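Participant: Protein chains in written order, with this note's numbering: chain A, 41 to 148; chain B, 41 to 148; chain C, 41 to 148.
What the hints contain is simulated information worked out from the structure, not anything from laboratory work.
Keep in mind the model is a prediction, meaning the values are calculated, not measured.
Among the hints, erroneous ones may be present.
Heads up, the list lumps identical chains together, so a pair's fine if it works in one copy or across two of them.
[As the list claims (entries may be wrong)] With a straight-line Cα cutoff of 27 Å, these simulated BS3-like cross-link-like pairs (lysine-lysine) come out:
hint : residue 1 : residue 2
1    : Lys102    : Lys51
2    : Lys89     : Lys101
3    : Lys101    : Lys55
4    : Lys62     : Lys106
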Amino acid sequence: MKLLIVIIQNKDANKLQSQFVKNNIQQTKLSTTGGFLKSGNTTFMIGIKDERVQEVLDLIKKVSRKREQYMTPPVNLDGGVSDASYPVKIEVGGSIVMEMPMDNLYHF
Amino acid sequence: MKLLIVIIQNKDANKLQSQFVKNNIQQTKLSTTGGFLKSGNTTFMIGIKDERVQEVLDLIKKVSRKREQYMTPPVNLDGGVSDASYPVKIEVGGSIVMEMPMDNLYHF
Amino acid sequence: MKLLIVIIQNKDANKLQSQFVKNNIQQTKLSTTGGFLKSGNTTFMIGIKDERVQEVLDLIKKVSRKREQYMTPPVNLDGGVSDASYPVKIEVGGSIVMEMPMDNLYHF
Ligand code: NI
Ligand code: NI
Ligand code: NI
Numbered sequence: 041m042k043l044l045i046v047i048i049q050n051k052d053a054n055k056l057q058s059q060f061v062k063n064n065i066q067q068t069k070l071s072t073t074g075g076f077l078k079s080g081n082t083t084f085m086i087g088i089k090d091e092r093v094q095e096v097l098d099l100i101k102k103v104s105r106k107r108e109q110y111m112t113p114p115v116n117l118d119g120g121v122s123d124a125s126y127p128v129k130i131e132v133g134g135s136i137v138m139e140m141p142m143d144n145l146y147h148f
Numbered sequence: 041m042k043l044l045i046v047i048i049q050n051k052d053a054n055k056l057q058s059q060f061v062k063n064n065i066q067q068t069k070l071s072t073t074g075g076f077l078k079s080g081n082t083t084f085m086i087g088i089k090d091e092r093v094q095e096v097l098d099l100i101k102k103v104s105r106k107r108e109q110y111m112t113p114p115v116n117l118d119g120g121v122s123d124a125s126y127p128v129k130i131e132v133g134g135s136i137v138m139e140m141p142m143d144n145l146y147h148f
Numbered sequence: 041m042k043l044l045i046v047i048i049q050n051k052d053a054n055k056l057q058s059q060f061v062k063n064n065i066q067q068t069k070l071s072t073t074g075g076f077l078k079s080g081n082t083t084f085m086i087g088i089k090d091e092r093v094q095e096v097l098d099l100i101k102k103v104s105r106k107r108e109q110y111m112t113p114p115v116n117l118d119g120g121v122s123d124a125s126y127p128v129k130i131e132v133g134g135s136i137v138m139e140m141p142m143d144n145l146y147h148f
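In isolation and in its complexed conformation, chain A is listed as follows:
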């Protein structure tokens, strides 16, 4: 057994949770803030058999890999010269997964 602690950006968290449910991967969600990832993030704890670890990693990679996206910055409202607002390229997503050995998993 392994414990996987998955830390992902909030914007990818719901999509990842849906994938876990669809693939029958039991998880618990923690509220976390800052640190590893720059914006708000979510942490999942997953207890899983060794032979399913790669499957979970593949799901996480698919949903939350770091990627580029275009964003239109908010219009300048501070009274300066009115510039047109061009879309800029930003990096979103990304995740960290920590894999720990687990001695036992009990259900009561």
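Here the structure of chain A is known, so what remains is to put chains B and C with the ligands in place on it, guided by the hints.
Facilitator: Below, chains B and C with the ligands alone, put in the same frame as chain A:
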């Protein structure tokens, strides 16, 4: 040493915490949501000596084992035919415990 | 690799987090309550190479070791004899660190 991560239904959390306090088992409570257990749940982290693991498991089993309970469903308010509301049997409680090896526990 | 779970009093949490950032130690902060430490506390999860564990422990010790402090108790407002309020010595701070083996740390 072991790290025990205990995930239990909110309705059993206070009772379990009282048992931990009474038995001098130090724990930290995390806010968690959904996943392993269907309704709201609470997570405890416990750092404990190997020889006390069974004692902790026994406490958890006693307080939060899955069990049946009768619940009267809410009365139908949507204007349909007014049915009598019979108690139904539902399953409540239940817990998951993950046991991980711990290399060291420091107090500063 | 190691997983360090650090539980410290809220009053020391921001200072510790600044030290982590300054020393390039990546961490994730969890909201936790009660248990190990008497007042409100904060939990950090840190994935770190074995050879940096001592460095992290030294930072934690420096910031959050248990120490004595003088506090003036609030004035008695319940209508009794009005006593002068003398400063009393209390114990503040303190932290717990749990060190667990980590098999893998992935970045996606
Ligand atoms: Ni295993
Ligand atoms: Ni041990
Ligand atoms: Ni290692």
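Participant: Work down the list of hints and note, for each, if the structure agrees.
Facilitator: Against the structure, the hints come out as follows:
{"no.": "1", "hint": "Lys102 <-> Lys51", "result": "within (14 Å within a copy, 36 Å between copies)"}
{"no.": "2", "hint": "Lys89 <-> Lys101", "result": "both (19 Å within a copy, 23 Å between copies)"}
{"no.": "3", "hint": "Lys101 <-> Lys55", "result": "within (12 Å within a copy, 34 Å between copies)"}
{"no.": "4", "hint": "Lys62 <-> Lys106", "result": "both (23 Å within a copy, 24 Å between copies)"}
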